[in-house]
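Produce the complete structure using the sequences and hints provided.
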Amino acid sequence: MKQLLKKITLAALSCVLAFSATFAAGCSTSIAERRNDTSSTLYVGYVSSAFPTTFFPWSSRDGIAPTIASFIYNTLFSMDTETDEYTPSLAKDWCYTDLDGNEMRTPEGKIDYEEVENYYSGDDTDYMVVKVTLHDNATWSDGKKVTAEDVYYTFDIATDNTRSGHAGALAWTADLLHSSKEGQFAQQGIFTRNHDDWGRYPYAEDGSDTVVYLHVKKALGAVAMLFTTILILPEHIWAPLTENGKLVQDNATGEVLYQYEHPVGCGAWTLEENSRQMIVLKNRGTDYHLKAEDGGALYKVDKLKFMLYLEQNTAIYALLKGHIDILDASMSANYLRLFEQEEGIYVSNVTGTASQTLVLNVNPQEQYKTPMRDLFANPDFRKAIALAINQPDIIKSVLNGAGNTASAGLMLPRTDNDPLYNPQSDIFADALWEGNGASGYENRVAEANRILDGLYPEKDGDGYRLANGSRIFFEILANPGELELVSYLQQQFQKIGVEVEYKAEGSMAEDTYLFAGNFDMTFQATIFSAANVDTMYDSHFISTSRSSNYGRLADEALTAKIEEMESALNENVKYDLIREIQTMIAELYYKIPVYSSNVISVARNDRFTNYTASAGETVFNEDTLKQLEKVV
Amino acid sequence: MKASYVIKRILLTILIFFIVVTLCFFIPRIGVTDPAERFYPARSAGMSDAEYEYVKEQIRIEYGLNGSTFQQYLNYMGDLFKGDLGNSYQTGKPAVIDEIAECLPWTLVLSVSNLLISLIIGILIGTMAAWKRGRWQDRALLNASTITTALPAFFIALILSFYLGFEWEIFPAYTDQNMVSGFDWSWGAISTVLYNAALPIFAMAIGGIVSYGQSTRNSVIAVSGDDFILTAKAKGLSNRKVIYGHTLRNAMLPIVTQFGMNVSGLIGGSVVIEQIFNWNGMGTLFLTANSNNDYPLMMGIMIFMSAFALVANLLTDFVYSLLDPRVTLGERR
Numbered sequence: 001m002k003q004l005l006k007k008i009t010l011a012a013l014s015c016v017l018a019f020s021a022t023f024a025a026g027c028s029t030s031i032a033e034r035r036n037d038t039s040s041t042l043y044v045g046y047v048s049s050a051f052p053t054t055f056f057p058w059s060s061r062d063g064i065a066p067t068i069a070s071f072i073y074n075t076l077f078s079m080d081t082e083t084d085e086y087t088p089s090l091a092k093d094w095c096y097t098d099l100d101g102n103e104m105r106t107p108e109g110k111i112d113y114e115e116v117e118n119y120y121s122g123d124d125t126d127y128m129v130v131k132v133t134l135h136d137n138a139t140w141s142d143g144k145k146v147t148a149e150d151v152y153y154t155f156d157i158a159t160d161n162t163r164s165g166h167a168g169a170l171a172w173t174a175d176l177l178h179s180s181k182e183g184q185f186a187q188q189g190i191f192t193r194n195h196d197d198w199g200r201y202p203y204a205e206d207g208s209d210t211v212v213y214l215h216v217k218k219a220l221g222a223v224a225m226l227f228t229t230i231l232i233l234p235e236h237i238w239a240p241l242t243e244n245g246k247l248v249q250d251n252a253t254g255e256v257l258y259q260y261e262h263p264v265g266c267g268a269w270t271l272e273e274n275s276r277q278m279i280v281l282k283n284r285g286t287d288y289h290l291k292a293e294d295g296g297a298l299y300k301v302d303k304l305k306f307m308l309y310l311e312q313n314t315a316i317y318a319l320l321k322g323h324i325d326i327l328d329a330s331m332s333a334n335y336l337r338l339f340e341q342e343e344g345i346y347v348s349n350v351t352g353t354a355s356q357t358l359v360l361n362v363n364p365q366e367q368y369k370t371p372m373r374d375l376f377a378n379p380d381f382r383k384a385i386a387l388a389i390n391q392p393d394i395i396k397s398v399l400n401g402a403g404n405t406a407s408a409g410l411m412l413p414r415t416d417n418d419p420l421y422n423p424q425s426d427i428f429a430d431a432l433w434e435g436n437g438a439s440g441y442e443n444r445v446a447e448a449n450r451i452l453d454g455l456y457p458e459k460d461g462d463g464y465r466l467a468n469g470s471r472i473f474f475e476i477l478a479n480p481g482e483l484e485l486v487s488y489l490q491q492q493f494q495k496i497g498v499e500v501e502y503k504a505e506g507s508m509a510e511d512t513y514l515f516a517g518n519f520d521m522t523f524q525a526t527i528f529s530a531a532n533v534d535t536m537y538d539s540h541f542i543s544t545s546r547s548s549n550y551g552r553l554a555d556e557a558l559t560a561k562i563e564e565m566e567s568a569l570n571e572n573v574k575y576d577l578i579r580e581i582q583t584m585i586a587e588l589y590y591k592i593p594v595y596s597s598n599v600i601s602v603a604r605n606d607r608f609t610n611y612t613a614s615a616g617e618t619v620f621n622e623d624t625l626k627q628l629e630k631v632v
Numbered sequence: 633m634k635a636s637y638v639i640k641r642i643l644l645t646i647l648i649f650f651i652v653v654t655l656c657f658f659i660p661r662i663g664v665t666d667p668a669e670r671f672y673p674a675r676s677a678g679m680s681d682a683e684y685e686y687v688k689e690q691i692r693i694e695y696g697l698n699g700s701t702f703q704q705y706l707n708y709m710g711d712l713f714k715g716d717l718g719n720s721y722q723t724g725k726p727a728v729i730d731e732i733a734e735c736l737p738w739t740l741v742l743s744v745s746n747l748l749i750s751l752i753i754g755i756l757i758g759t760m761a762a763w764k765r766g767r768w769q770d771r772a773l774l775n776a777s778t779i780t781t782a783l784p785a786f787f788i789a790l791i792l793s794f795y796l797g798f799e800w801e802i803f804p805a806y807t808d809q810n811m812v813s814g815f816d817w818s819w820g821a822i823s824t825v826l827y828n829a830a831l832p833i834f835a836m837a838i839g840g841i842v843s844y845g846q847s848t849r850n851s852v853i854a855v856s857g858d859d860f861i862l863t864a865k866a867k868g869l870s871n872r873k874v875i876y877g878h879t880l881r882n883a884m885l886p887i888v889t890q891f892g893m894n895v896s897g898l899i900g901g902s903v904v905i906e907q908i909f910n911w912n913g914m915g916t917l918f919l920t921a922n923s924n925n926d927y928p929l930m931m932g933i934m935i936f937m938s939a940f941a942l943v944a945n946l947l948t949d950f951v952y953s954l955l956d957p958r959v960t961l962g963e964r965r
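If you're matching them up, the sequences are chains A and B in order.
Per the working numbering, the very first residue in the first sequence carries number 1; after that it's consecutive.
Per the working numbering, the very first residue in the second sequence carries number 633; after that it's consecutive.
Keep in mind the hints are simulated off the structure, nothing from the lab.
Given the structure is predicted, the values throughout are model-derived calculations rather than measurements.
Where a beta carbon is used, it is the ideal one built from N, C-alpha and C, also for glycine.
Worth double-checking, as some hints may not be accurate.
Only part of the chain B face toward chain A is listed, based on derived beta-carbon distances under 10 Å [claimed, not checked]:
#	residue
1	662
2	790
3	811
4	907
5	909
Given below as structure tokens:
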């Protein structure tokens with residue numbers, strides 16, 4: 001037996017030695033490569049299940065893919081959410097023109113909305129003309145010039161699912177007059193110098209190869225989608241590969257696969273390396289048509305190295321230990337204390353742009369109606385529910401103070417005098433309710449109880465109200481991260497005799513509960529701005545087929561007002577209508593605000609400085625990238 | 633072992649496989665009225681009902697989700713019989729089989745290493761504990777068994793990752809993102825893989841070692857009192873011959889059963905560990921598929937795992953009878 005033990009010990013020692021040698025060799029490739037990297041490479045941590053290995057902008061919709069696509073490709077413009085102005089991207093200028101191609105501008109060179117309204121408000125035209133001028137010096141990453149033909153090609157493909165392979169593009173271009181179906185050209189609504197109708201549209205003749213005309217069915221909203229959503233593709237790359245074929249192909253091989261893996265774009269970055277765990281983007285420097293103020297490269301960082309983390313805590317520790325510079329994610333306020341104690345960490349805690357709301361299921365499909373859900377049909381009952389929510393308390397307890405109250409009109413003020421925001425719609429604001437020696441919240445709860453005493457005066461032994469003999473009880477469909485919020489709402493609703501309970505929503509809540517309206521209450525974040533109201537108001541308050549209108553609200557007055565706003569050509573009129581809509585949304589008590597959380601994000605500042613983030617942004621954003629400087 | 637029994641078992645395995653495929657197809661779709669729903673774009677303000685319905689139909693066609701669920705099932709089975717697991721919904725729509733082929737080797741690095749280390753060390757430790765019954769070696773194994781039963785592998789993994797990885801930096805806390813893309817079968821690349829695999833294998837193997845050790849100990853103790861062991865000892869055989877020639881060989885049956893069960897879980901058994909250590913294996917692939925509602929990829933992985941488990945179980949059955957002549961499969965006594 002002793003001999004046996006000796007042999008086992010010897011064998012074990014040999015194994016240990018062999019493994020030690022292997023590990024010693026393996027140690028030479030440390031995972032913390034950032035620490036030894038002296039180049040101007042920004043290591044960006046990203047939490048996801050995997051990185052895509054091929055890139056095609058229109059089908060890159062999940063996880064990091066849209067971010068990477070937006071670095072490699074450009075849209076025509078981007079939207080400055082603070083000023084609601086389009087900022088140049090691939091295009092440098094745009095305006096509305098009349099049918100003869102004359103620009104409609106004020107003497108100061110701005111869009112003359114009054115003239116647009118006067119010219120196009122008649123019934124004799126079913127579209128408007130938008131003129132877009134591209135940058136003269138924009139090039140693709142293979143050196144070829146970007147021309148209006150590329151824009152024409154992109155929109156032409158995008159309006160035809162058979163060719164684009166992505167029906168989503170059809171939705172983005174729905175407001176474009178131009179269309180083709182199943183590979184057949186249906187209606188021309190885009191013009192460049194080489195693709196025109198010379199007899200009917202004389203304005204096309206004066207176009208250069210950087211001017212394109214679009215015919216759109218509506219103003220503003222339609223333009224926003226066309227300008228800021230569709231990434232422009234290089235015709236010279238894709239046209240030869242897709243003649244009579246689909247642009248996005250299943251199980252791509254050969255040249256098509258090569259193009260997916262080595263995309264040629266017109267953005268500021270090119271794809272240098274990619275795998276399921278890592279994506280490396282290289283700065284095009286002065287090859288990119290947009291430059292910094294000093295005429296140098298727009299971005300100071302040479303490379304962006306996206307590192308995949310499957311789990312957020314691992315990514316956070318990787319940041320703390322110096323494996324990455326920045327985390328491309330917003331984090332829970334619970335992490336604030338962890339970061340505050342660390343050196344070399346920059347914590348960004350900025351105002352959010354989303355309003356978290358409690359959605360009441362006011363109009364479930366017939367098969368999902370229940371006696372309790374029927375109660376939501378009464379706006380007075382909904383009002384009582386809304387009055388019982390104490391936003392400041394939730395912000396203090398659930399968000400650790402890292403948030404603000406959200407207006408009942410669901411539009412957040414971006415500046416002190418934001419022309420889009422209607423302060424009158426903030427009907428639950430504490431200041432409005434204070435009086436009689438009681439706080440705003442106490443008065444709101446008293447009012448809620450007064451309403452409910454009129455509707456459901458009976459209570460059970462535990463103090464909960466009874467409706468037709470049954471305790472008023474609702475489940476709040478939520479994810480585990482919202483458990484704490486539900487528990488605070490439980491306490492607040494107890495004050496008005498309404499019981500609520502958490503219900504796990506699972507992984508496919510939209511498919512299983514929300515679109516069909518099979519829930520009592522749920523949480524939903526909303527972000528409304530001038531750039532998206534044309535689409536999002538419809539999606540949140542009108543459309544009941546498949547939309548973000550989870551509780552399937554169908555309110556005629558609100559629908560009419562939103563439709564009026566959508567078709568308003570004059571920007572000032574449109575803004576007035578948006579302000580009116582906010583009040584209507586507030587008084588429907590359908591999506592009730594619970595808070596607007598801050599956006600918390602982190603970065604290490606021991607290699608790069610000048611991080612910045614504005615409202616709603618994480619610290620990994622375009623402005624940061626433009627400003628970053630290496631610490632010597 | 634009769635040939636008829638073998639055929640019967642194989643046919644039964646095929647039937648179970650068919651049932652598994654059917655369940656794999658229908659379970660993710662339960663309660664989902666329209667699986668393509670999540671791919672529909674937001675409806676543009678200018679879109680009519682007909683236009684939007686057209687867009688939706690195009691998307692259903694794009695993802696192969698048009699027609700009734702039963703029709704989709706028939707289509708899927710038809711493709712499956714041709715060996716086609718379909719295409720993932722990921723960008724470029726790669727073939728599911730290619731996705732699996734890319735991730736499978738990385739999972740096998742972890743699971744095979746774990747299985748072999750657990751088996752070999754477990755048997756050695758278990759035999760020693762049985763031989764030293766009641767002494768500190770035996771008690772240590774018993775205590776270790778209690779602890780590892782109470783501590784799940786993922787918890788051990790988190791502790792290892794935090795201390796040995798992040799705090800003391802002895803091993804990588806998570807997989808080097810360059811490991812997969814830079815792998816080229818060179819000594820450096822292989823050693824990098826082993827270095828990165830150290831903590832995940834360790835985390836998985838701790839429980840396995842103790843589990844195999846405990847099974848071996850119990851089995852050896854049960855056998856060591858048998859008459860043939862006493863006879864071997866009486867014949868004056870050396871301890872080594874008694875242990876390895878007689879005791880351990882006859883104590884192997886329960887261990888073979890456990891080994892067979894572990895082999896069947898080789899591919900799907902390390903999902904959480906892969907997640908903790910950023911390991912690019914089948915578990916990660918499955919989570920990706922699940923989070924993207926990538927039905928073809930989810931189905932492909934589940935079918936592959938099931939097929940592997942069924943074949944492993946079948947082979948375990950057959951090996952069982954080869955190891956112990958007393959086991960007669962399909963024969964009447």
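We went through each hint and held it up to the structure:
| no. | hint | result |
| --- | --- | --- |
| 1 | 662 | holds (9 Å) |
| 2 | 790 | holds (9 Å) |
| 3 | 811 | holds (8 Å) |
| 4 | 907 | holds (5 Å) |
| 5 | 909 | holds (8 Å) |
Consistency with the previously given hints is maintained throughout, with no hint failing.
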